[in-house]
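Given chain A, work out where chain B should sit, using these hints.
There are 2 protein chains.
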Amino acid sequence: MGDVVAVLGGGQLGRMLALAGVPLGLGFRFLDPTAEAPAGALGPLVVGELGDTEAAARVADGAAVVTYEWEGVPADTARSLESRGATVLPPPGALDVAQDRVAEKTLFRRLGIATPDFAPVDDRAGLDDAVHAIDLPAVLKTRRGGYDGKGQRVLTKSGDLGDAWRELGGRPLILEQLVPFEREVSVLAVRGRDGATAYWPLVENEHRDGILRTSRAPAAGAAEGTQATAETYAERVLDELDYVGVLAIELFQVGPDLLANELAPRVHNSGHWTIEGAVTSQFENHLRAILGWPLGSTAPVGASAMVNCIGALPDRAAVLAIPGAHFHDYQKAPRPGRKVGHVSVTAPDDGTLAERLAMLPVSP
Amino acid sequence: MGDVVAVLGGGQLGRMLALAGVPLGLGFRFLDPTAEAPAGALGPLVVGELGDTEAAARVADGAAVVTYEWEGVPADTARSLESRGATVLPPPGALDVAQDRVAEKTLFRRLGIATPDFAPVDDRAGLDDAVHAIDLPAVLKTRRGGYDGKGQRVLTKSGDLGDAWRELGGRPLILEQLVPFEREVSVLAVRGRDGATAYWPLVENEHRDGILRTSRAPAAGAAEGTQATAETYAERVLDELDYVGVLAIELFQVGPDLLANELAPRVHNSGHWTIEGAVTSQFENHLRAILGWPLGSTAPVGASAMVNCIGALPDRAAVLAIPGAHFHDYQKAPRPGRKVGHVSVTAPDDGTLAERLAMLPVSP
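Residue numbers (our numbering), protein chains in the order written: chain A, 3 to 366; chain B, 3 to 366.
Warning: the hint list may mix true and false statements.
When chains are identical, the list treats them as one kind, so a pair holds in a single copy or across two.
In silico SDA-like cross-links for lysine to any residue, where the CA-CA straight-line distance does not exceed 25 Å [what the hints assert, rightly or not]:
#1 Lys334 / Val133
#2 Lys334 / Pro296
#3 Lys334 / Gly42
#4 Lys341 / Val133
#5 Lys152 / Thr354
#6 Lys159 / Ala314
#7 Lys341 / Gly257
#8 Lys334 / Gly64
#9 Lys334 / Asp63
#10 Lys334 / Glu184
#11 Lys341 / Val6
#12 Lys334 / Ala66
#13 Lys334 / Ala166
#14 Lys334 / Pro46
#15 Lys152 / Gly171
#16 Lys341 / Gly27
#17 Lys159 / Pro325
#18 Lys334 / Asp211
#19 Lys334 / Gly29
#20 Lys152 / Pro118
#21 Lys152 / Thr199
#22 Lys334 / Leu359
#23 Lys334 / Gly294
#24 Lys152 / Gly128
#25 Lys159 / Leu362
No lab work stands behind these hints: they were computed from the structure.
Same shape as in the complex, but just chain A (with noise of 0.2 Å):
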């Protein structure tokens, strides 16, 4: 038998995770809180919370390696695991900066990475000092769990703050100010444990009511100069953190600069057209680099975009008769806002990629 990866999460990242090790001679184990998880149909799951650390003791028994496919993995666990004799990377302290929007922020800073302005609140006087600070429009999130757009609110007059506190109050929050960008891309990063780094070409990002639509890359009209900020933002963040695997940053561009929005210590959505779309994909080079592999050619395949399903798939043969268009089916049950699949198209050029994005029954 090859090597066992424990995987925490049995999600669709863990699902394509899988199929990327398969072939490499990989064997997968999940943990995950739901029977029906998409992992399961690629290796052993293990049915238990996230934070059960006797359940992830069990899915890291002799794996050469333990890695996560979700920002949420409570650090704890992740740390028992170490203290058990565990590898497990990326490093969790990735997870404790990842978990937390103000610790994150101020990371950035403090590597010289430019961010929206931010302040952190911690009760309703200091949501009045940090609007003071900032200036609306401002977004008010909490610190700690949100996704996919779930637990903000923008405000943009005073009168906003009332709502938004009742709704949101009594946790720990971060008040951001809003950025009027032009767009939003993501740069996806990975590193080997020999400190080896490639960086995939930035990726455009459009979100709608909170949730990643469209991903297409390499981003259109992308100057040199963005791509190697970029980069240099990403080597900065996985070398302070020793970080080993693929990290992905969303930043919002605004004229040339970027500024730093979040960053995701896993496989990431914005990486999913480089499974057809680069010469390694982002699932392959994370095993590649948390295995202590050789990382693999980063480079582009033509052009490329990725469109979410959300809620339902679309009709699988008219996906299909587009010409390089591929399906993925998670075999997750249909749910309004539910991820359930994705479609990547390639293209050998732009023009023919428009093209083929306008054959889509689902809206791009």
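Positioned in the frame of chain A, the structure of chain B alone reads:
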């Protein structure tokens, strides 16, 4: 749950079929005589002989479609599943043809497809007659059951006949002209349930000791006419057999001419390069075809080569350090002459591909 595909045979071809099918939302079940079959990592494996119709029926029960990954599957097994109401694709008639070298070459000739001269050999006198008709050098082969160079003897002079007969006689045989070919190529074709067809670019194959070592695609210097001839040959076979799925035909190239050697009614070793080197892999298109879905583009993505790992795997890190290299470990126990994995290398052009192949720790 998505549709289930039942696969007769659980080797590396079944494993790679499942790796292509899981993203499409498919589930897989396999029938294989060995409990350690490589496909077992991707779905439930029923351990049983491929001629065991009851075991096959258990695998096929409730499946959307039944397919096979080996041309040695008894056609009776396939037909027994059809008689119980299963859809078996490619059609079992393709097995009849593929399992008998005389039937195969007779079909080629009937369809106007050039082949080396051949004659059936049923007894010792028949061997003399055949040598008289075809001339030496020639190859004496068993009509059934040979693969990877097994069950055949090259005859270069009349003195070779006695030994060859002692080794192979007593079974139905075929004598085939030994063609002084320039190279061996193969054409991979796919036909959908609606009769739509698609063809990958010609592959150049190099065998050693009767086993495929290296495939390169698109085959260097293949004139447009040669590609067209190969496609015409394949199309005639596809239409004649009312074929659905991927079909491979191995051919000898002699000057501008192509002579058909044999066909394989399944995904094929010389098509493994399509996983990374084509817009749609042979595995995905086989599944699309047998499920009645639209076929995907067979266009190549740059230049590709596939090198089989025979007997044992090469050093994984050394392979992964080569740009554009992808490692495929079938998780089979090492054994002399056994295909235990393959390495694919992709590159933007033939020159870069040659440089990368020269870096391979396995001799290409």
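Indicate which option fits the pair Lys341, Val133 if close means a Cα-Cα distance not exceeding 25 Å: within, between, both or neither. neither (34 Å within a copy, 67 Å between copies)
When Cα atoms must be at most 25 Å apart, do Lys152 and Gly128 count as within-copy, between-copy, both, or neither? This pair counts as within: shortest intra-copy Cα distance 22 Å, inter-copy 81 Å.
Checking Lys152 and Pro118: alpha-carbon separation at most 25 Å within a copy, between copies, both or neither? within (19 Å within a copy, 69 Å between copies)
At most 25 Å between alpha carbons: which applies to Lys334 and Pro296, within, between, both or neither? between (33 Å within a copy, 23 Å between copies)
Can you give me the call for Lys334 and Gly294, within, between, both or neither, at a CA distance of at most 25 Å? between (32 Å within a copy, 23 Å between copies)
Give the relationship of Lys334 and Val133 under a CA distance limit of 25 Å: within one copy only, between copies only, both, or neither. Neither, since 41 Å and 63 Å both go past 25 Å.
What label fits Lys334 with Ala66 when the C-alpha limit is 25 Å: within, between, both, or neither? The answer is between: 20 Å across copies meets 25 Å, while 29 Å in one copy does not.
Which holds for Lys334 with Gly29 at a C-alpha limit of 25 Å: within a copy, between copies, both or neither? Close inside one copy (22 Å) and across copies (13 Å); limit 25 Å.
Treating 25 Å as the Cα threshold, decide for Lys334 and Gly64: within, between, both or neither. between (29 Å within a copy, 21 Å between copies)
As a check of your reading, is Lys334 near Glu184 (CA-CA no more than 25 Å) within one copy, between copies, both or neither? neither (34 Å within a copy, 52 Å between copies)
Between the shortest in-copy and the shortest cross-copy C-alpha distance, which are at most 25 Å for Lys159 and Ala314: within, between, both, or neither? Neither: 36 Å inside a chain and 69 Å across chains, both beyond 25 Å.
Checking Lys334 and Asp63: alpha-carbon separation at most 25 Å within a copy, between copies, both or neither? Intra 28 Å, inter 24 Å, cutoff 25 Å: inter-copy only.
Violated hints for the displayed structure, listed by number in ascending order: 1, 4, 5, 6, 7, 10, 13, 17, 21 and 25.
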